[in-house]
Structure formats: structure tokens, C-alpha cells
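With the hints as extra help, turn the sequences into a complete structure.
Number of protein chains: 2
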Amino acid sequence: MDHRTPAATVGVVGGGQLGRMMGEAAGPLGVELVVSDPTPDCPAAPVVRDQVVGDFEDYEAIRTLAERADVLTFEIELADPDAMERVGEETDTPIHPDPGTLRTIQDKLVQNRTLEKGGLPVPAFRRVDTEADLRKAGEELGWPVMLKAREGGYDGRGNRPVEGPEAAAEALEEVGGAALAEEFVDFERELAVMGAVGDGETRAYPVTETIHEEEILRESVTPARTNEAVRSRAREIAFDVLEILEGRGVYGIELFETADGEILVNEIAPRPHNSGHWTIEGAGCSQFEQHVRAVLGWPLGDASLRSPAVTANLLGDVTDPRVAELAGTESILGTAEASLHWYGKREARPLRKMGHVTLTEADADRDTLLSRARKLVGSVSFK
Amino acid sequence: MDHRTPAATVGVVGGGQLGRMMGEAAGPLGVELVVSDPTPDCPAAPVVRDQVVGDFEDYEAIRTLAERADVLTFEIELADPDAMERVGEETDTPIHPDPGTLRTIQDKLVQNRTLEKGGLPVPAFRRVDTEADLRKAGEELGWPVMLKAREGGYDGRGNRPVEGPEAAAEALEEVGGAALAEEFVDFERELAVMGAVGDGETRAYPVTETIHEEEILRESVTPARTNEAVRSRAREIAFDVLEILEGRGVYGIELFETADGEILVNEIAPRPHNSGHWTIEGAGCSQFEQHVRAVLGWPLGDASLRSPAVTANLLGDVTDPRVAELAGTESILGTAEASLHWYGKREARPLRKMGHVTLTEADADRDTLLSRARKLVGSVSFK
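Protein sequence lines, in the order shown, are assigned to chains X and S.
Just so you know, the first sequence maps onto residues 1 to 383 in the UniProt record's numbering.
Just so you know, the second sequence maps onto residues 1 to 383 in the UniProt record's numbering.
Hints in this document: simulated from the structure, not taken from any laboratory.
Wrong hints could be hidden among the right ones.
Stated by the list, open to error - Here are some of the chain S residues that sit facing chain X, going by a computed Cβ distance under 8 Å:
1) Ala167
2) His212
3) Glu215
4) Leu305
5) Leu326
6) Arg346
7) Pro350
Note that the Cβ used here is the ideal one computed from N, Cα and C, for glycine as well.
And the structure:
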């Protein structure tokens, strides 16, 4: 493998915070990014070579990326697999992960079926198109069930628990049509494993514990505060998931740990993921550098733990959109163990991910790190 | 302190690898960089908001930076202090470090005098304008002496040892006029301390050992492989140096450790420095993030050691300029403890700094790290 200038160019559909952090990681490798995003001056724009303004399904924008890049990838599930596939065929630009993998993941029913077929443990689920389907699913799986829109949901949007048959009609209307119902998993904790598929090699990062509220990730704790057997099983399952995915790249594998220590696969993200932000400071190679290496087919980087890490999201604590202005950041900047990541979004919206803070400390007590992270996040505000 | 979008903009005179790494460090903080550099598409360009094409003394270019920035700084000593001062007065944009500090440092005679006046230990030196001055200096200081051009020298260019009076004429011609002669320091090793001056606070990083060949930095080893008393004295002197410098920012303080364990100040760089590249992986806060924080007057970051680190430069091993293409980088990318930094320069030139590799490992033996770093650098080539 050779390095020239630029060492390589990666085209990325999407230019949000994940694209921005990919760009920050690509620079030291000599890799340049060109991103496409509908928002002019998107979060990634100031740190990458160029932005093409275009929707995630905009064929022309994606084609421009492919023509300028050695490999095409995406940082958002809204990227259009059909447009990418067509561009890939026309330009011979490789696309990673495979658009087929994205298609599978975009439809949660197909995703669950694929996982199940691959022998992976998933919550019991049923296809739900009508109210009758949902009532039947509830009877078979037992109430309550978790109703999920098959497509388009993220950060918990499109998911809702349904307590019983009387709530079926309203729930289905809210989720909006094609859906699936899953048995309600009364999990002990939620876990995530970031995995990477390279050119003939796979890696998995240490197991992360994720803490959600209103179905939005608030904090992650790595290594997860569970027992070694559970962590080991979670990594095994993550490697099994990587086996059935097509195409190189970093994948976020979200898991449930049940009360009796079983692991179930919740969801796959075919890209770097919020639950892997801790890797920037806490692992040898960050998930963002790893993704860049993986899609280029370069040797994968070191996925091992450097030090325990807690990441806490900086969410818009506002009731209405307003110009983003976070007051009191000196508390974060003045904490030796804290690293601030600010995504450069112009507008704060309720619960919007505006940035994050990671605390790392060698041999740290994770409970203490977590409470310090919460305190730091609590000390700043958009109001 | 507040964070908005962008959190702040820093204007940087110079867009070489130091500007590039400043840009890479600024992104996560939400800080945007605008750089000025005479080379279109300079190394920093792909990772910063914008480049203004202009010489380092180009008043209009510097003024454009100042108008777009919250603070003006520089990453190269060739930045023109007069132009910056004029722009600062006209636009009210603060400039850090102070252009006066840059002026002092640009003239090695003035630099030495300032250090001496500040009570800092420097090699004995004499002003040299004529051959007669040089002969006299040699008689007083003892032959050989180190002849240094007062201005414009870097990476050892402009420095040469003079063995005796018979070599005086030729040496002076080579160095080209206004010079100084220093006693020849038969050092045990060369050391460097990166220091940071913030808003009412100063920090110093652990002491680095620097290894030069043909007066160009090849490797750095941190912590320096010397005894604790020497390291402690080196840091004390670094703090004393920071005391006499005007303006916030990161400073590279190059030192000699003499055979009897004395410390002498060799040179000051009013900016991040090659001997501090290890801080990206080896310290809590990199010298580049530190510089950004410092010039903005933000709280300084953690300058403590995370793990021992060795940095080795990737220099152009070519005899003539050619398009930069480094073969065999998979050896570096495939080493878990190694981090590659590629500066994006289009042309490899003899001994030009094209990139660097840092090896970090907790509790590592530094001799082993150094020999591994040398082996890695030896495994790649521009030829």
C-alpha cells in the first residue's frame, strides 16, 4: 500500500456529526473526504475537502461523489441504496458497506429476518400491517409488545410500546403503517459492540453499555458494567453479526442483556454509531478512523481499550428551536479527563444531538466517571 | 465561556503541517480555522474552513484573516510581525503570541540576549558581522564555535560549526552576513519542553528527548531518557522561559543537556513544534489543541503524559524533488501502537518533512519503542 497526496478520497453520503468526525479522523491519514448533504454548510463541511449539496437519494450528487472518490460510503441510513448501486455500476467506484446490507437494515422486518436466518438471537417478532395483525401479535407474543415502524425510525422515533389490544389502533396509526411487533424485552441493560469488517479481517471493540432516556442515547460506559461472561458472549454475537453483513466498514451492533444474562440483537447500524464515540479517546483507533481504513481496504486499526471511557451526549435542552449557544463550557474544557466534541450545528432543537463529552481515566471507577460526566453535562445549557 | 456555531474562528498565518494539525485539533472543539499560505492548496487546506492564498508577509492576506477571525496566530516564524501588528491595530483582532515575541525570536542574537537578560542559561555567544568578529569570538569562546545566521535559519539551515580561524571567511559567507557565534556545546543529549501560556495560567509538557541528524529532527522520545533531576531542571527552565514571553500560545523550548547535567536554552519556537508531535497520542491534550485553546484564552488542556511516546519523522529520502508517493505504508497502518500522520504535501524533496509516525504503549520500554519506530520508518520509502 502506498501513500500519495491525497492518499485517497472517500465520498460520504451524509455530512452530519458522523461525517464530521470521519473527516477529523481522515486528516492524519492523508485521506480526503467529499460529503453530500442537503443542508448547505453541514456539520462536516468545515473539516472536509468539499461538500456537494444534495439529498441523500440525489443520484446526481451521489454520482459526483463517486467520480471524485476512490470509494463511496455513507454515514446515514437515509442514503439511497438504489441510487448508490446505480452509481456504483456506472462509475466502477466500490461502495462499502454494500448497498444491499443497507437495504436489509433499512427495513427492520427484513433486518430481523436476516438476523434470525443467520442464527442470531433476536426478540420474537411478527409482521404487522393491520390492526388485526397487531392484536394477533400481542396474543402470540404476550402484551405489551414493542411496535416498530419498518422504515425510517431513528433515535427511538417510530418505536412505541403497546400495552394491550385496546391501544392497537392508535399505536398503529402513530407508527404509520408497515410495522413489526416485537416481544417486549425487559432488559437488564442495553449493550453495544462496534465491529469492523476490513479486507479479510474483522475486529470488535470492547463492549459498551448504553443508557437511553426517551429512547435517545444519553450516555455510554465502556467496558460495560456487567460480568465477563456477558461481555464475552456479546462480542461473540457481534462477530457472528459481522459474518452475515456484506461489505467493509464499521457497524454498530445494539444488544439487549436480559435479566438472565442472555443476549439479544436489537438493531444494527451500518456505520459508526453514537455508542462508539468513546473510541476516539478510549481505544487505540477510533471508530471513525477504523471506518475510513475499512472502506479503503487498508489494514484495520487497534480496537483494544486504552482506558475506561464514559461518553455523555450534549442534547438540545430547549423546548423550541433556537440558535445554538451552549453556555458554561469552561467546566468541560477545564476538566483534564474530559474531551469536548462539538458538532457545529447552527440550531439547537429539543433533544437534538449537538455534541458530546468523553471522560477517560486510566483505572477509573466507571460509576464515578459516569457521575462526573453527568455533572459536566448538567453544568451547561442551551437555554 | 459559551459554545456557539462556530465556537470561534482562528486565523493562522501559515498553512503547512503545523496548520494542518491545528485544524485537525480544532474540529472537535467546534473551532474553525482560516489559514494564509503562498502555496495554493497548502497542507492545511483540505481540513480547514478556508485558505487565503498570500505570502507570510502579505498585509492584505493577513488583514483578511483578521477580519474573519476572533484571534490571529501564526504557525511559521516567517510570519511578518510588522504586518500582523498593523492589522491588529486596524482591526482590533487580538494576536497571539505577541508579534513582539516573534520579532525577538526571529533574530537569534536578540533571542539570546533576551534569554540572558531574563536570567536564563544560554551558551556563551558573540555578535558576528565581520570575519574579524568571528575570529575574535573564536578566540574568546574557544574553537570550534557554532556560527548561526541571525535570521531565517530553520531545520539547521543557517547553522554551521567553525573549526578554527582559517575557516572563518568561508563559513561567514555561507551563513550570509549578520550572524552570531556560540560556544560549541558538546551536549549529552538534546531536550525539548513544550510549554503553553493561557489566560493567567501556564503549563509544561513532560520533557522530550530530541534526536537530530544533519541538524534535522529525526525522532523524539518522551519522557526523555535522562535522570529525574535533569528532567525537573528542564521543566523549571521552561517555566522561566514562558515567564519572559509575551502573548498566549504554545511554545517549543529546545534545550541542551550538557555532559555534567547542566541545562542550556538552545532555541525557542513561538508555536507548536516538531518535538511536540508526540502529544497528539501521548498527552491528555495535544500541543495543537492546546495552542488553539491558548490563543482563544480558553482553559488550557491536560499536559500530562498518557503513555510513553516515540515520534519518528517521515523525511523525503530522495535526491531530487518528485511527486510524493510513499510505498509500503501497510507496515505502519498494521502496527497497533503506531499512528500515522501524513501532511498531504504534493512533492517529496530531499529531507523534507512529509509526515510522522508516533508509537505509544503503556509502560513501554522507550529504547524498544525507538527501535521499532526506526524500523517502521525504514520500511517505507519515497524512492
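Subject >> Per-residue hint verdict: S:Leu326, partner chain X, C-beta under 8 Å >> reply: Holds. Min distance 4 Å.
Original post:
Is the interface hint for S:Pro350 satisfied, with its Cβ closer than 8 Å to some Cβ of chain X?
Top reply: This hint is violated: S:Pro350 lies away from chain X, its Cβ roughly 17 Å from the closest one there, beyond 8 Å.
**OP:** Under 8 Å, Cβ to Cβ, is where S:His212 needs to be relative to chain X, so tell me if that hint holds or is violated.
**Re:** violated (24 Å)
Subject >> Interface hint outcome for S:Glu215 [beta carbon to chain X under 8 Å] >> reply: violated (26 Å)
Original post:
Minimum Cβ distance from S:Ala167 to chain X below 8 Å?
Top reply: violated (41 Å)
Original post:
Per the CB criterion, is S:Leu305 less than 8 Å away from chain X?
Top reply: With Cβ-Cβ at 11 Å, over 8 Å, it is violated.
Subject >> Hint status (Cβ of S:Arg346 to nearest Cβ of chain X, threshold 8 Å) >> reply: holds (5 Å)
Comparing the model with each numbered hint stated earlier shows that hints 1, 2, 3, 4 and 7 do not hold.
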